[in-house]
Amino acid sequence: MEPLVSLDGLTVAFNGVKVLDGISLSVGRGEAVGLVGESGSGKSVTWLAALGLLPTTASVSGNVKLEGTEILGASPATMDRVRGGRVAMIFQDPASALNPVLTIRRQVGESLALHRGLSGAAIHAEARRLLDLVGIPDAERRLSAYPHEFSGGQNQRIMIAMALAGSPDLLIADEPTTALDATIQAQILELIRSVRRETGMAIVLISHDLGVVAENCDRVAVMYAGRVVEEAPSGELFDDPRHPYAHGLIGSLPPIDGPRRRLTAIAGTVPDPKAMPQGCAFAPRCGQAAAPCGTQPPRLRAIGENRRVACVIDQHAGASDIIGQAAE
Amino acid sequence: MTEPLVSVDGLVRTYRMRAGMFGRSRDVRAVDGVTFGINRGETLGLVGESGSGKSTTGRLVLGLENPDAGSVAFHGRPLPATDTSEWRASRARMQMIFQDPLGALDRRLPIAAQVREPLDIHNVEDEEFRTARVAELMRSVRLSDDIGQRYPHELSGGQRQRAVLARALATKPDFLVCDEPVSALDVSIQAQVVNLLIDLQAALNLTMLFISHDLRVVRQISQRVAVMYLGRVVELGNADDLFVSPQHPYTKALVSASPAPGARRTERIVLSGDPPNPAAKPGGCAFHPRCPSAFARCRTAAPALVEVAPDRSVACHLTGVESHAATALGAVA
Chain A
0 MEPLVSLDGL TVAFNGVKVL DGISLSVGRG EAVGLVGESG SGKSVTWLAA
50 LGLLPTTASV SGNVKLEGTE ILGASPATMD RVRGGRVAMI FQDPASALNP
100 VLTIRRQVGE SLALHRGLSG AAIHAEARRL LDLVGIPDAE RRLSAYPHEF
150 SGGQNQRIMI AMALAGSPDL LIADEPTTAL DATIQAQILE LIRSVRRETG
200 MAIVLISHDL GVVAENCDRV AVMYAGRVVE EAPSGELFDD PRHPYAHGLI
250 GSLPPIDGPR RRLTAIAGTV PDPKAMPQGC AFAPRCGQAA APCGTQPPRL
300 RAIGENRRVA CVIDQHAGAS DIIGQAAE
Chain B
0 MTEPLVSVDG LVRTYRMRAG MFGRSRDVRA VDGVTFGINR GETLGLVGES
50 GSGKSTTGRL VLGLENPDAG SVAFHGRPLP ATDTSEWRAS RARMQMIFQD
100 PLGALDRRLP IAAQVREPLD IHNVEDEEFR TARVAELMRS VRLSDDIGQR
150 YPHELSGGQR QRAVLARALA TKPDFLVCDE PVSALDVSIQ AQVVNLLIDL
200 QAALNLTMLF ISHDLRVVRQ ISQRVAVMYL GRVVELGNAD DLFVSPQHPY
250 TKALVSASPA PGARRTERIV LSGDPPNPAA KPGGCAFHPR CPSAFARCRT
300 AAPALVEVAP DRSVACHLTG VESHAATALG AVA
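Chains as they are written, first to last, in numbering that gives the first Met the number 0: chain A, 0 to 327; chain B, 0 to 332.
Chain A on its own, in the form it takes in the complex:
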């Protein structure tokens, strides 16, 4: 079946510095895809580029197809219908994404007027329904409130309501709970799950938190330095990561129960995009780097069903070696 959205060879450069290098990724209808990686790995830029939200100084190439139709470089009028109507996006900091001087009714209403062509009383009724749906108590009265009158968690609920206003097929959630406390994060993730159950909407969850992604996604792509280095169903990725970076990332996470083990920290830091290593970008930090790693960046290749990895080392032999190191 044709995927809902497919990215192919998406490359982004700012002033000649490549920050995204040939991303290929697809999202099926109703699917939950996670995107993990550290800051600067390009996980947010991928979707900003796909939706044409980057400044004009960025040069973007590759293909972005929505149900088979190319949307990269599409006319502003087309993109206005795609953004919000087909693909909606929510961000980490809801308070700065909302307009502080407009009421919630105006802001949710704006999306409804734009994407659903509603007006007057229909907007009011639909806005109320959406606030009810995202769990804002006393929706009728709260419609006339301003963003500062809500807590961070409630503002994120309002952002979700606005995103749902256009009945999108795909929601891009960029670190939606990073700024929230643990118990409020659990509420928002539960809300996203229940909205997906009701609407069948697909989601791309961008997060640095492996746990959040593991619990909420069917499939996960791990990004490093502007490339996807591993892609797998989430259960398999966490039980049996194949790329040394994915392995290191999972080993860096302290366990919450069982015996305490020393964390397998990854030495060094993420390379500067201006001085990218010639071969595999992870090679300088990789415990298993060998001669071929320095020549050219490894391609993402299929290993088994639904799994892809970008590493030249023989994965099965490699994986047991790393586990050996981790056990030390």
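Hints are computed from structural coordinates only; laboratory data are not their basis.
No experiment lies behind these values; they were computed from the predicted model shown.
Please note that a few of the clues may not be correct.
Which residues of chain B face chain A? A partial, calculated answer using Cβ under 10 Å [said to hold, decoys possible]: (1) Ser155; (2) Gln158; (3) Ala190; (4) Leu203; (5) Tyr249; (6) Pro258; (7) Val269; (8) Asn276.
Cβ atoms here follow ideal geometry from the backbone N, Cα and C, with glycine treated the same way.
Chain B: place on chain A using the hints.
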């Protein structure tokens, strides 16, 4: 058991806050009767959400703020009052590390000069000794010599936090308060700093108060953990089993809210209600409006922190005594 290095008794800190421009001012109890002790060489973890008073507690313990009630004793002697010369002298023995290393460093000074500064301030030994000590400190936090000549903006987040750590360790403190020291760092860098803190603590026999909202990091680094909610410690216990068998309903919810890669063992508890607001603290047990098992008494009386098992204290009407819990459950039904 020997006397704890740091003992904190009934700390209270109240801030005056005005609601709106013309609103009446009222008192907000950020920290409301916190008591704990930290043994020499031990790390006590302090977890809680924003507004739980964990950072204020850290500041009170170091004497960066004066408590409205309660006391802090260090080596069995009360902490000198803030901003006195005795207090300043005692600060060489106790240091603090914050979340944002760039904010904690002087942007116009090279790293080595900043690591050296505490030695100059506290007049430690002579020139030669100080230079050698700086080199030793840089090595101990695994920063190469050339980094000492660089400025903070030239370093990565992890390197900056290690530079802050080197500076904090310059005067050989006995006690270190770390307030969210790794929260701003990426996962792989976070692991480097956590490993380093654990190694340094063992090598230098440091005593630490480690404040974080991240249960995993806190468990990794601490021997004992205190969970705070709206200014009070609601549960205190051994780090290894506190999160495995939480007793307080809030701790249970917090553990269940912590996302885990791999299979989930326990059922997820999603708390209803808003995040805790210290300015509108509910009466009785502060957690009762969000508590799934609250009953009549929770609305009127605040439960005290009592020891329910060796090395485990809980502040909850339900878990105080097993038989009470049974009656309480009966009352709920």
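Cross-check of the supplied hints:
For the restraint placing serine 155/B at the interface with chain A, the shortest Cβ-Cβ distance is roughly 5 Å, inside the 10 Å limit, so the hint holds. The restraint placing glutamine 158/B at the interface with chain A holds, with a minimum CB-CB distance near 8 Å, inside the 10 Å limit. Proximity of alanine 190/B to chain A holds as hinted, the smallest CB-CB distance being about 4 Å (cut-off 10 Å). Interface hint status for leucine 203/B: violated, as the beta-carbon distance to the closest one in chain A is roughly 18 Å, over 10 Å.
A cut of 10 Å between beta carbons decides the hint on tyrosine 249/B: the least distance to chain A is about 8 Å, and the hint holds. About 3 Å separates the beta-carbon of proline 258/B from the nearest beta-carbon of chain A, less than 10 Å, and the hint is met. For valine 269/B, the suggested interface contact is upheld, since its CB lies about 5 Å from the closest CB of chain A, less than 10 Å. The criterion of a C-beta within 10 Å of any C-beta in chain A is met by asparagine 276/B, whose closest approach is roughly 8 Å, and the hint holds.
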